[in-house]
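Fit chain B to the given chain A structure using the hints.
Chain order of the listed sequences is A and B. The first sequence lines up with residues 1 to 250 when you count with the numbering used here. The second sequence lines up with residues 251 to 336 when you count with the numbering used here.
Keep in mind that the hints were calculated from the coordinates and are not lab data. Accuracy of the hints is not assured; some may be wrong.
[Claimed, not checked] List of simulated lysine-lysine pairs, BS3-like, C-alpha gap at most 25 Å:
| no. | chain 1 | residue 1 | chain 2 | residue 2 |
| --- | --- | --- | --- | --- |
| 1 | B | Lys312 | A | Lys203 |
| 2 | B | Lys296 | A | Lys203 |
| 3 | A | Lys203 | B | Lys313 |
| 4 | A | Lys200 | B | Lys296 |
These numbers come from a predicted model, not from an experiment.
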Amino acid sequence: MAIVDKRYSEIIKNNPLLTKKQEISLSRQTKKGDLSARKKLIESNYRLVLSIAKKYYRNDISFDDLLQESSIGLLKAVDRFDPELGYKFSTYACWWIKQAALQYINENCTNIKVPTHSRLLNAKIKNKIKQIEDDEGKRPTLERVSEELGENVNKIKYTLKSNRYIASIDASRDDEGNTLASKIADESDFINPEARLEKKELKRIIRESLSLLTPKEEKIIRLRFGITEDEYNNENFSLTNKMIGYLNED
Amino acid sequence: MKTKKYVTVTNSNGLGLYDVAKVMTSNGDKMNHSTVRNIINRSFFKLAKNISDNYSLDYDAKKIDSISKSPEFQESIVDLLREKEL
Numbered sequence: 001m002a003i004v005d006k007r008y009s010e011i012i013k014n015n016p017l018l019t020k021k022q023e024i025s026l027s028r029q030t031k032k033g034d035l036s037a038r039k040k041l042i043e044s045n046y047r048l049v050l051s052i053a054k055k056y057y058r059n060d061i062s063f064d065d066l067l068q069e070s071s072i073g074l075l076k077a078v079d080r081f082d083p084e085l086g087y088k089f090s091t092y093a094c095w096w097i098k099q100a101a102l103q104y105i106n107e108n109c110t111n112i113k114v115p116t117h118s119r120l121l122n123a124k125i126k127n128k129i130k131q132i133e134d135d136e137g138k139r140p141t142l143e144r145v146s147e148e149l150g151e152n153v154n155k156i157k158y159t160l161k162s163n164r165y166i167a168s169i170d171a172s173r174d175d176e177g178n179t180l181a182s183k184i185a186d187e188s189d190f191i192n193p194e195a196r197l198e199k200k201e202l203k204r205i206i207r208e209s210l211s212l213l214t215p216k217e218e219k220i221i222r223l224r225f226g227i228t229e230d231e232y233n234n235e236n237f238s239l240t241n242k243m244i245g246y247l248n249e250d
Numbered sequence: 251m252k253t254k255k256y257v258t259v260t261n262s263n264g265l266g267l268y269d270v271a272k273v274m275t276s277n278g279d280k281m282n283h284s285t286v287r288n289i290i291n292r293s294f295f296k297l298a299k300n301i302s303d304n305y306s307l308d309y310d311a312k313k314i315d316s317i318s319k320s321p322e323f324q325e326s327i328v329d330l331l332r333e334k335e336l
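Isolated chain A (complex conformation) (with noise of 0.2 Å):
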């Protein structure tokens, strides 16, 4: 696990848990545009950032980030927040600093942004399989996905193809920092296009040399070679494949 900012702890233990009618007091006074006492409801919270930035942490991003991103969710939260309506403010803040969590992530753990709906899709599809895996000890056909989650077969082929791991090739695979690309010849065409060239025209000429064979010198390389002509136009053998595989037998 990543380790917390300095500053981050510091005020998480210069700034105890607050009590369900400090919240409203609290809250009450934000909403007057007390910069002060809305101050120190983020602070009390920022506890709550941290236990739920500390779920959502995967290797592939950065925790420092996720909980800036975290703490975005709080802000909202804050503001957002009304304390009339009796409830605490942990309950309400937890689904913005989710929110603000999971967004992050999808935005930053892969070069290619994928819908929020379509990710979440995804993770349902794999714990189905996952899950019929377990119990039937074999993998299920997408029909029978689709028919547990009641989705459109199309829709998880799309799904499941648009959410593949994505890995770049500049990216560096080992402490020598050579990247994939570097493993990888590129023998496109676009990397050396004289080689194309000549390439090119050398088939030309042998297809144009190819025309100086008589018609049964043609015939012959291609018998010998096992080069079929048009198999519906064997008119000039009298001989069936057949009969031809019969010789070959002799």
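Coordinates of chain B only, in the frame set by chain A:
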């Protein structure tokens, strides 16, 4: 690098020299297996000569003969003939 001795026939429909001779004879071109081999060699020689002329390479008959008999050369011609059928 290890050099090839024979052209690899990737298709199992390829026939031996004797069988090619039989098929050609039955189609009215009477010939034996040696003629078949000579025709094949001559054809590849013709192709190799034309290609070297196109590239203005002043190869003598011996060099062209060795090129035309090389499995790599024959294989590439066979591949192109296959493409032609497609």
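Now for the hints, and whether the structure bears them out:
| no. | hint | verdict |
| --- | --- | --- |
| 1 | B/Lys312 x A/Lys203 | holds (24 Å) |
| 2 | B/Lys296 x A/Lys203 | holds (16 Å) |
| 3 | A/Lys203 x B/Lys313 | holds (21 Å) |
| 4 | A/Lys200 x B/Lys296 | holds (21 Å) |
Checked against the numbered hints above, the structure violates none of them.
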